[in-house]
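**Q** If you want the building blocks of each chain, they are given just below.
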Amino acid sequence: MEYFPNILFALLLIAGIGYFARNVKKLARNIKLGKEADVSDNSSQRWKNMAMIALGQSKMVVRPIAGLLHIIVYVGFVIINIEVLEIILDGLLGTHRLFAFLGPVYNVLIGSFEILAFLVVVAVIIFWIRRNVIRLQRFLKPEMKGWPKKDGNLILYIELVLMFLFLTMNAADYQLQLKGAAHYASEAGIMGSFPISGFIAPLFENLSISSLILVERTAWWLHIVGILLFLNYLYYSKHLHILLAFPNTYYGNLKPKGQFKNLQSVTNEVKLMMDPEADPFAAPDEDAPEPEKFGASDVADLSWVQLLNAYTCTECGRCTSECPANQTGKKLSPRKIMMDTRDRLEAVGKNIDANKGSFVDDGKQLLDDYITREELWACTSCNACVEACPVSIDPLSIIMDMRQYLVMEQSAAPTDLNNMMGNIENNGAPWPFNQMDRLNWANES
Amino acid sequence: MAELFAKGEQPEVLFWVGCAGSFDDRAKKITKAFIRLLNKAEVSFAVLGTEESCTGDPAKRAGNEFLFQMQAVTNIEVMNAYEVKKVVTACPHCFNTIKNEYPGLGGNYEVLHHTQFLKQLFESGKLGLQGGTFKGKRITYHDPCYLGRANAVYEAPRELIKKLDAELVEMKNCRKKGLCCGAGGAQMFKEPENGDKDVNIERTEQAMETKPDIIAAACPFCNTMMTDGVKNKEKEASVAVMDIAELIAQAEEL
Ligand code: SF4
Ligand code: SF4
Chain H
1 MEYFPNILFA LLLIAGIGYF ARNVKKLARN IKLGKEADVS DNSSQRWKNM AMIALGQSKM
61 VVRPIAGLLH IIVYVGFVII NIEVLEIILD GLLGTHRLFA FLGPVYNVLI GSFEILAFLV
121 VVAVIIFWIR RNVIRLQRFL KPEMKGWPKK DGNLILYIEL VLMFLFLTMN AADYQLQLKG
181 AAHYASEAGI MGSFPISGFI APLFENLSIS SLILVERTAW WLHIVGILLF LNYLYYSKHL
241 HILLAFPNTY YGNLKPKGQF KNLQSVTNEV KLMMDPEADP FAAPDEDAPE PEKFGASDVA
301 DLSWVQLLNA YTCTECGRCT SECPANQTGK KLSPRKIMMD TRDRLEAVGK NIDANKGSFV
361 DDGKQLLDDY ITREELWACT SCNACVEACP VSIDPLSIIM DMRQYLVMEQ SAAPTDLNNM
421 MGNIENNGAP WPFNQMDRLN WANES
Chain P
1001 MAELFAKGEQ PEVLFWVGCA GSFDDRAKKI TKAFIRLLNK AEVSFAVLGT EESCTGDPAK
1061 RAGNEFLFQM QAVTNIEVMN AYEVKKVVTA CPHCFNTIKN EYPGLGGNYE VLHHTQFLKQ
1121 LFESGKLGLQ GGTFKGKRIT YHDPCYLGRA NAVYEAPREL IKKLDAELVE MKNCRKKGLC
1181 CGAGGAQMFK EPENGDKDVN IERTEQAMET KPDIIAAACP FCNTMMTDGV KNKEKEASVA
1241 VMDIAELIAQ AEEL
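Just so you know, the protein sequences line up as chains H and P, in that order. Mapping the first sequence onto the working numbering, position 14 (from 1) lands on 14, and the numbers just tick up by one. Throughout, the working numbering is defined as the position within the second sequence, counted from one, plus 1000.
FYI, nobody ran anything at the bench for these hints, they're computed from the structure. Misleading hints may appear alongside valid ones.
Unchecked claim - Calculated cross-link-like contacts (lysine-lysine; reagent style DSS-like; alpha-carbon spacing at most 30 Å):
id: 1; chain 1: P; residue 1: 1135; chain 2: H; residue 2: 255
id: 2; chain 1: P; residue 1: 1176; chain 2: H; residue 2: 48
id: 3; chain 1: H; residue 1: 149; chain 2: P; residue 2: 1028
id: 4; chain 1: P; residue 1: 1085; chain 2: H; residue 2: 141
id: 5; chain 1: P; residue 1: 1172; chain 2: H; residue 2: 141
id: 6; chain 1: H; residue 1: 179; chain 2: H; residue 2: 149
id: 7; chain 1: P; residue 1: 1233; chain 2: H; residue 2: 238
id: 8; chain 1: P; residue 1: 1040; chain 2: H; residue 2: 141
id: 9; chain 1: P; residue 1: 1135; chain 2: P; residue 2: 1233
id: 10; chain 1: P; residue 1: 1176; chain 2: H; residue 2: 141
id: 11; chain 1: P; residue 1: 1197; chain 2: P; residue 2: 1028
id: 12; chain 1: H; residue 1: 331; chain 2: P; residue 2: 1172
id: 13; chain 1: P; residue 1: 1040; chain 2: H; residue 2: 59
id: 14; chain 1: P; residue 1: 1176; chain 2: H; residue 2: 261
id: 15; chain 1: P; residue 1: 1007; chain 2: H; residue 2: 238
id: 16; chain 1: P; residue 1: 1032; chain 2: H; residue 2: 331
id: 17; chain 1: P; residue 1: 1177; chain 2: H; residue 2: 141
id: 18; chain 1: P; residue 1: 1032; chain 2: H; residue 2: 145
id: 19; chain 1: P; residue 1: 1172; chain 2: H; residue 2: 255
id: 20; chain 1: P; residue 1: 1177; chain 2: H; residue 2: 59
id: 21; chain 1: H; residue 1: 35; chain 2: H; residue 2: 179
id: 22; chain 1: P; residue 1: 1177; chain 2: H; residue 2: 261
id: 23; chain 1: P; residue 1: 1085; chain 2: H; residue 2: 255
id: 24; chain 1: H; residue 1: 25; chain 2: H; residue 2: 35
id: 25; chain 1: H; residue 1: 293; chain 2: H; residue 2: 26
id: 26; chain 1: P; residue 1: 1085; chain 2: H; residue 2: 271
id: 27; chain 1: P; residue 1: 1032; chain 2: P; residue 2: 1197
id: 28; chain 1: H; residue 1: 35; chain 2: H; residue 2: 293
id: 29; chain 1: P; residue 1: 1197; chain 2: P; residue 2: 1177
id: 30; chain 1: P; residue 1: 1032; chain 2: H; residue 2: 255
Generate coordinates for the entire structure from the input sequences, incorporating the hints supplied.
**A** Pasting the structure below:
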């Protein structure tokens, strides 16, 4: 029985990480449903972007208050993970504060973890107030109803509980060390420093050693179980961005934002048409590949980078709050475009799971069932959303791909635009003017 | 261009006039103002005239890749036949398309927006300006999306405005955070979707907050949108919407 806790812990760890690995596999499979995208260029610039934008949070601080609070929670998260490593090793080996041999360094570490934990608590409370009391506009848009709103708050609660458990654990531990309890106290003196939990410790002063151990163990177990649960919550949450922000900023667009990609399949066709040598009546090549579908009507028509974008979206709404269409009351919201894409991709993934690995038509698609045409046509292609996104997501590219499908596969452009395109085709200008009048301005005074 | 080429001459730069600059009555004035500046600076330039055709930008942003590429390839054939090396245009949409999207289709040129080109003319001393008509006026500058965010050109137009000795006042959304005028993405050619108000009205209100004498634009479509916005606010008597080329030309008394 002596090793029971160690074994139980090992099993928990395996289960927690195993389930997480399963979700990661599913995530990778879903993202790979997207089309090829060539992002092999310029890797040094890409690493730089990742370091600046994901690690360095350079775009978060464009909004200073939210940016600063986010950095606190983020740094807290990253650094407290060092402590989680010790917790895991202690759990497996049955030791107590394994890293204490680091001496003064250890004290500084534990001390700073505590201060960070405290700051995280403060930041999380302010975040909660922003969402629920001040009710910032961008958290209240229609696409945030239901699960997204709950998700946002749930994350804050989990973080709060984890930090409290961490501090309670330290406080009880501190008391135990003061009382010289076996296994806890060390001859070398107090291990760790407790600038925050030192304030909680007096509450435990009158507890017996056995009750203190109970408190400490309970907090320890709940803390690590909580972390494992949180890890597995990510896949279902906007919180996935804490992992995906890194690859997503790496694969982010490096070209000028105004440059939209030219479709290669169209280029081939145009070349053929312009080529005087080509025989317009030639029978189509027998083994010519199926003509490619233009644009996107469902998630599989998008590139895998666009799908990665969808999973990375933090639902922060910075894009939507900068969007001119959304600001003037149109239905379009670039955040909704990303959330719809993720929802649809999840539905497709579940469909594949339920049908033993192949997708069975469910009579739905991204276009119309998730994203409406009205939204698509309201976009001015202004790139404000792309510029605003703190994790290099490009909602505009999805809008453009879907417009392409509407126009090229369905000829379903608004009438005004059809007239405009007819004019370009016939007289080389979007208005009904004669090509031969193009130079008239030169002779007018 | 055809005439020069026939004579075996090669102009330094091709002025891409664009559809708005060729056909739209308001934008034609910008075209002419820019030409006066080019002549004053003794730049050797040419236009394609009737051989120019729409770059295909509105077709591409509306989703018609096929029509876009047909336009692009046709234009590229014309420009390559004339061995064009350098292109300048007063339209950020033409600028963006020729600069970024034509190279992949065989059109490689050095492409400048007219504000960049004018800035160069000032730097090389071909244009000079002392004070002038706009001294002390409040001018606010509206960043065109396809010049600013799309291509990170924020400073050239501002430097030109500063040459006027005028007071440049920024709107609350400027540079990277500049609000669209509402024309891009082929919106110019259709009715807006249902909403609370039109984008150009929102942007005009932002401009009005700076209490400007002049709203400076650097795009013929922004110019139209802002002009309509100012009319909607019944302020056309006190606030003018002008292209930067027009401001410089007028200050030069051209
Ligand atoms: S590009 Fe389209 S979706 Fe993005 S901010 Fe501009 S109008 Fe909104
Ligand atoms: S796309 Fe970017 S800016 Fe928009 S909600 Fe998602 S993370 Fe935020």
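**Q** Give a verdict on every hint.
**A** Taking the hints in turn, this is what the structure says about them:
Taking the CA atoms of residue 1135/P and residue 255/H, the gap is about 39 Å. The hint is violated against a cut of 30 Å. For the suggested pair residue 1176/P and residue 48/H, the alpha carbons sit about 21 Å apart, so the restraint of at most 30 Å is met. At roughly 51 Å between alpha-carbon atoms, residue 149/H and residue 1028/P are farther apart than 30 Å, so this suggested pair is violated. Simply put, residue 1085/P and residue 141/H have alpha-carbon atoms about 49 Å apart, too far for the 30 Å limit, and the pair is violated.
Restraint check for residue 1172/P and residue 141/H: satisfied, since their Cα atoms lie roughly 23 Å apart, inside the 30 Å limit. Under the criterion of a C-alpha separation no larger than 30 Å, the hint pairing residue 179/H with residue 149/H is inconsistent with the structure, at around 46 Å. Note on residue 1233/P and residue 238/H: the hinted pairing is violated, with a Cα-Cα distance of about 42 Å set against a maximum of 30 Å. The hinted pair formed by residue 1040/P and residue 141/H fails the criterion: a straight-line CA distance of about 54 Å is larger than 30 Å.
Simply put, residue 1135/P and residue 1233/P have alpha-carbon atoms about 26 Å apart, close enough for the 30 Å limit, and the pair holds. With a CA separation close to 24 Å, the supplied pair residue 1176/P and residue 141/H stays within the 30 Å bound. As the CA atoms of residue 1197/P and residue 1028/P are separated by approximately 29 Å, the hinted pair is consistent with the 30 Å bound. At roughly 24 Å between alpha-carbon atoms, residue 331/H and residue 1172/P fall within 30 Å of each other, so this suggested pair holds.
About 44 Å separates the Cα atoms of residue 1040/P and residue 59/H, which puts this hinted pair outside 30 Å; it is violated. About 22 Å separates the Cα atoms of residue 1176/P and residue 261/H, which keeps this hinted pair within 30 Å; it holds. At most 30 Å may separate the alpha-carbon atoms for a hinted pair to count; residue 1007/P and residue 238/H exceed this at roughly 65 Å. For the suggested pair residue 1032/P and residue 331/H, the alpha carbons sit about 40 Å apart, so the restraint of at most 30 Å is broken.
Of the supplied pair hints, the one linking residue 1177/P and residue 141/H holds, its CA atoms being roughly 21 Å apart against a limit of 30 Å. This hinted pair does not check out: residue 1032/P and residue 145/H have alpha carbons roughly 53 Å apart, beyond 30 Å. With a CA separation close to 27 Å, the supplied pair residue 1172/P and residue 255/H stays within the 30 Å bound. Restraint check for residue 1177/P and residue 59/H: satisfied, since their Cα atoms lie roughly 13 Å apart, inside the 30 Å limit.
Taken as a hint, the residue 35/H and residue 179/H pair is broken in the structure, with Cα atoms around 63 Å apart against an allowance of 30 Å. For a cut-off of 30 Å, the pair hint linking residue 1177/P to residue 261/H stands: about 24 Å separates their Cα positions. Restraint check: the Cα-Cα separation between residue 1085/P and residue 255/H comes to about 22 Å, which is no more than 30 Å; the hinted pair holds. The suggested pairing of residue 25/H with residue 35/H holds, with an alpha-carbon distance near 18 Å, which does not exceed 30 Å.
As the CA atoms of residue 293/H and residue 26/H are separated by approximately 26 Å, the hinted pair is consistent with the 30 Å bound. Proximity of residue 1085/P to residue 271/H is assessed by CA-CA distance (about 23 Å); at most 30 Å being required, the pair is judged to hold. Annotation: proposed proximity of residue 1032/P to residue 1197/P is violated, straight-line Cα distance about 34 Å (limit 30 Å). For the hint linking residue 35/H to residue 293/H, the alpha-carbon distance of about 12 Å falls within 30 Å, and the restraint holds.
With a C-alpha separation of about 20 Å, the suggested pairing of residue 1197/P with residue 1177/P holds against the 30 Å cut-off. Between residue 1032/P and residue 255/H, the direct Cα distance comes to roughly 33 Å. Violation of the 30 Å bound is thereby established for this hinted pair.
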